[in-house]
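Residues per chain are reported as follows:
Number of protein chains: 2
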Amino acid sequence: MAITIRKLDSADADFRAQLSALLAFEASEDAAIEQAAAQILADVKARGDAAVLDYTNQFDRLQQRPQGGATSVAQLEIGQPELQAALAGLAPERRLALQTAADRVRLYHERQKLECGSAGFSYTEPDGTVLGQKVTPLDRVGIYVPGGKAAYPSSVLMNAIPAKVAGVQEIIMVVPTPDGVRNELVLAAAAIAGVDRVFTIGGAQAVGALAYGTATVPPVDKIVGPGNAYVACAKRRVFGTVGIDMIAGPSEILVICDGSTDPDWIAMDLFSQAEHDELAQSILLCPDAAYLARVEASINRLIEQMPRRDVIRTSLTNRGALVLVRDMDQACEIANLIAPEHLEISTDNPQQWADKIRHAGAMFLGRFSSEALGDYCAGPNHVLPTSRTARFSSPLGVYDFQKRSSMIHVSQAGAQTLGRVAAELAYGEGLQAHARSAELRLK
Amino acid sequence: MAITIRKLDSADADFRAQLSALLAFEASEDAAIEQAAAQILADVKARGDAAVLDYTNQFDRLQQRPQGGATSVAQLEIGQPELQAALAGLAPERRLALQTAADRVRLYHERQKLECGSAGFSYTEPDGTVLGQKVTPLDRVGIYVPGGKAAYPSSVLMNAIPAKVAGVQEIIMVVPTPDGVRNELVLAAAAIAGVDRVFTIGGAQAVGALAYGTATVPPVDKIVGPGNAYVACAKRRVFGTVGIDMIAGPSEILVICDGSTDPDWIAMDLFSQAEHDELAQSILLCPDAAYLARVEASINRLIEQMPRRDVIRTSLTNRGALVLVRDMDQACEIANLIAPEHLEISTDNPQQWADKIRHAGAMFLGRFSSEALGDYCAGPNHVLPTSRTARFSSPLGVYDFQKRSSMIHVSQAGAQTLGRVAAELAYGEGLQAHARSAELRLK
Numbered sequence: 001m002a003i004t005i006r007k008l009d010s011a012d013a014d015f016r017a018q019l020s021a022l023l024a025f026e027a028s029e030d031a032a033i034e035q036a037a038a039q040i041l042a043d044v045k046a047r048g049d050a051a052v053l054d055y056t057n058q059f060d061r062l063q064q065r066p067q068g069g070a071t072s073v074a075q076l077e078i079g080q081p082e083l084q085a086a087l088a089g090l091a092p093e094r095r096l097a098l099q100t101a102a103d104r105v106r107l108y109h110e111r112q113k114l115e116c117g118s119a120g121f122s123y124t125e126p127d128g129t130v131l132g133q134k135v136t137p138l139d140r141v142g143i144y145v146p147g148g149k150a151a152y153p154s155s156v157l158m159n160a161i162p163a164k165v166a167g168v169q170e171i172i173m174v175v176p177t178p179d180g181v182r183n184e185l186v187l188a189a190a191a192i193a194g195v196d197r198v199f200t201i202g203g204a205q206a207v208g209a210l211a212y213g214t215a216t217v218p219p220v221d222k223i224v225g226p227g228n229a230y231v232a233c234a235k236r237r238v239f240g241t242v243g244i245d246m247i248a249g250p251s252e253i254l255v256i257c258d259g260s261t262d263p264d265w266i267a268m269d270l271f272s273q274a275e276h277d278e279l280a281q282s283i284l285l286c287p288d289a290a291y292l293a294r295v296e297a298s299i300n301r302l303i304e305q306m307p308r309r310d311v312i313r314t315s316l317t318n319r320g321a322l323v324l325v326r327d328m329d330q331a332c333e334i335a336n337l338i339a340p341e342h343l344e345i346s347t348d349n350p351q352q353w354a355d356k357i358r359h360a361g362a363m364f365l366g367r368f369s370s371e372a373l374g375d376y377c378a379g380p381n382h383v384l385p386t387s388r389t390a391r392f393s394s395p396l397g398v399y400d401f402q403k404r405s406s407m408i409h410v411s412q413a414g415a416q417t418l419g420r421v422a423a424e425l426a427y428g429e430g431l432q433a434h435a436r437s438a439e440l441r442l443k
Numbered sequence: 001m002a003i004t005i006r007k008l009d010s011a012d013a014d015f016r017a018q019l020s021a022l023l024a025f026e027a028s029e030d031a032a033i034e035q036a037a038a039q040i041l042a043d044v045k046a047r048g049d050a051a052v053l054d055y056t057n058q059f060d061r062l063q064q065r066p067q068g069g070a071t072s073v074a075q076l077e078i079g080q081p082e083l084q085a086a087l088a089g090l091a092p093e094r095r096l097a098l099q100t101a102a103d104r105v106r107l108y109h110e111r112q113k114l115e116c117g118s119a120g121f122s123y124t125e126p127d128g129t130v131l132g133q134k135v136t137p138l139d140r141v142g143i144y145v146p147g148g149k150a151a152y153p154s155s156v157l158m159n160a161i162p163a164k165v166a167g168v169q170e171i172i173m174v175v176p177t178p179d180g181v182r183n184e185l186v187l188a189a190a191a192i193a194g195v196d197r198v199f200t201i202g203g204a205q206a207v208g209a210l211a212y213g214t215a216t217v218p219p220v221d222k223i224v225g226p227g228n229a230y231v232a233c234a235k236r237r238v239f240g241t242v243g244i245d246m247i248a249g250p251s252e253i254l255v256i257c258d259g260s261t262d263p264d265w266i267a268m269d270l271f272s273q274a275e276h277d278e279l280a281q282s283i284l285l286c287p288d289a290a291y292l293a294r295v296e297a298s299i300n301r302l303i304e305q306m307p308r309r310d311v312i313r314t315s316l317t318n319r320g321a322l323v324l325v326r327d328m329d330q331a332c333e334i335a336n337l338i339a340p341e342h343l344e345i346s347t348d349n350p351q352q353w354a355d356k357i358r359h360a361g362a363m364f365l366g367r368f369s370s371e372a373l374g375d376y377c378a379g380p381n382h383v384l385p386t387s388r389t390a391r392f393s394s395p396l397g398v399y400d401f402q403k404r405s406s407m408i409h410v411s412q413a414g415a416q417t418l419g420r421v422a423a424e425l426a427y428g429e430g431l432q433a434h435a436r437s438a439e440l441r442l443k
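In order, the protein sequences belong to chains A and B.
By the numbering used here, the letter at position 53 of the first sequence is numbered 53, and the numbering carries on one by one without gaps.
By the numbering used here, the letter at position 130 of the second sequence is numbered 130, and the numbering carries on one by one without gaps.
Excised from the complex, chain A in its bound form:
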């Protein structure tokens, strides 16, 4: 069965409206989920471990196991020996691949730490006043890892390693184990990434435990990592008590191609996004109509080989598009409108086009940079801004696990000049105690 993929032409009068309709995505707000998450959070806040235990036994069906439900949250912790055993139990080639990916991700983020101002700064003014900024890591971070099918060891690496590189003292991972089933590859990734403690809890109850702390689960300062609708909702609600990362939307890829890349490669790149999720979005921009037809032919030839073809077909049919553009310059303009999570620039001399891109989570330059390489092991983070949020937000990074403090050391001489300015403005704002506080330091 052929895939009917949407075709757009940027020369059409209503192209912009068609593009907007293609991109439109509203995260559904479900009042029942909202209410359930709020109730679970309140219960965890009030009852601590007992509430976490009840919800975990219930939602993960632990009572139905031969050994019955858990009787303490301590039983739900997985110790370091078990993590190391999971790592030791991997097939050698898989273990090597995971270790290689971790090493490369660590290397990139160490470079990022060096380059993103982690040392802070300070400077001294002529009157002796010192101004600056101190940068410190967060004390303790929680990483949420989904259970079941969507459990991705690569996500454990991508969330934990930047935190470690930033200098976070303790990383607490939570991962639900529905029916008590553990994912060995996820546990092995936790071992490699240096996660400090792992609890097999999930859902809003795990978010609550991390945010408020319980007798067994220590409270964290920030919670990162993807989850289902209950988890997303709980994270939004605890924001302020702890920090959170972005709430991710469906994953997207935008490919700009000049028409000279093997069309099978491009088709497979579009599949690799589409296979994630029926809501995922794959779009190709090209100035060559004949090439778009060749990619479409590749799509229809290759789809039947794909184990996840049903998901791919639904995603490409409902949310995919092949877009004919006037030229590469226009392709870059459209890319800036879309502000894609992943942008492949599959051309010769891709840097010339990358220089024109203002908004993208990650750019993959040249014909060999398939997004899949970045998803696993190139080094940069695969947690990226979705749904046009690359207009204002960034890949997960070392900076997400650091915070800054301003440093102000005013000299006696500085207090004379600054004090007069501050007092003048404070009186202007009607804040007399501010003014007097400055004036008391005047000689």
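The reader is advised that the hints may include incorrect statements.
Since the list gives no way to pick one copy over another, a pair counts as held whenever it fits inside one copy or between any two copies.
Below 35 Å or equal to it, Euclidean Cα-Cα: the simulated DSBU-like pairs (lysine-lysine) are [claimed, not checked]:
#1 K45 with K443
#2 K134 with K164
#3 K45 with K356
#4 K164 with K7
#5 K7 with K45
#6 K443 with K7
#7 K45 with K164
#8 K164 with K356
#9 K356 with K443
#10 K134 with K7
#11 K356 with K7
#12 K356 with K134
It should be emphasised that the hints constitute simulated quantities derived from the structure, not laboratory data.
Once you've looked at the hints, dock chain B against the given chain A.
Structure of chain B alone, referenced to chain A:
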């Protein structure tokens, strides 16, 4: 009437519980405000300018003016000539103070831009693969400025200048003018800060106009600046469509003093926080009980001189505290627990204590560094994390108006090694299109 200020002693058995009770603050969630904000946002999204006009005429009582209500949103825009006129109309000493403050804030943030990794980075691996990070400014930013009494020109500088320094192309300011009354000092600050366009609209309707755009108000990529409960609620709701800054809680100061600073100075510093708001919090830590008594005496002597004494009295009575600590080391430990917005370290050699502080929005070192200097003109930003969020967040800065894109340019040789690693892990995660996408690039 003497102020009865709470006294705590860190040697008390239940000190930690007393401290927790002192710090406890829950932002009230008002379902009626939630619903009103949501309804206004939906209406602005649907009806654009017409909705903005209706709400502005209604909530800011513009129909009651002699000239009646506004008939278009364009009428609510204040042009550059009017901003320049507001600046020209200031008393010379006030204009000079505002200009001096703006210059110092700009200088600090330019230094911050240099030091926070704004240049991005890239590095080339032995096989020719290039990895890096590109840093770009946001395109367009909205600044919300409250109207009426809480209109602070210093906040205009603190929000707009970092955006300008970051390279934001267009800054749109919104400021409500209840009863049509404009605050000339706020408009003058907008002129000095280089704000591009100003609309006299406020409330949830202004947040909606900035987030969604209307025929007259262009959509922005991020909204910053403080507002009332409706504004805070609207900002939370549009988060995702646009970026937002932190939702600020009541302002706080923590003073650590060794007992040798003039007690009047410390009393006035505590007042300067307390005068903001009845919910503001001022706490003093000192190892010298006699000194705490002297500060208390100063408080009771100085309070009657303060025009805002009623606010100060309520704030200090309900939320203030004088805390006796064992020694300066313990004071630093307690400061890390509190993670204060503002921390004064009023001692000799304050750097030795600052080195022990992990969590604070801004640190004011030495006896001359009163918080008021930082509020107006020292240079660092006065928009700081409140309510213990300094554990995971930072002062507003240039970095809040920039975002990063990962750059991945894999060479043909790199695609061979990375492709095998990626394929191995992708098969492990059951994502075969990812694996095939990597494998197609293998020779």
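Tested hints:
1. K45 with K443: Neither: 52 Å inside a chain and 56 Å across chains, both beyond 35 Å.
2. K134 with K164: both (19 Å within a copy, 23 Å between copies)
3. K45 with K356: between (49 Å within a copy, 31 Å between copies)
4. K164 with K7: neither (45 Å within a copy, 40 Å between copies)
5. K7 with K45: Result: close only across copies, 29 Å inter versus 51 Å intra.
6. K443 with K7: Result: close only across copies, 32 Å inter versus 75 Å intra.
7. K45 with K164: Classified as within: same-chain Cα gap 28 Å, cross-chain 42 Å, threshold 35 Å.
8. K164 with K356: Result: close both inside a copy and across copies, 34 Å intra and 21 Å inter.
9. K356 with K443: between (56 Å within a copy, 31 Å between copies)
10. K134 with K7: between (52 Å within a copy, 31 Å between copies)
11. K356 with K7: within (25 Å within a copy, 61 Å between copies)
12. K356 with K134: Close inside one copy (34 Å) and across copies (12 Å); limit 35 Å.
When held up to the earlier numbered hints, the structure conflicts with 1, 4 and fits the remainder.
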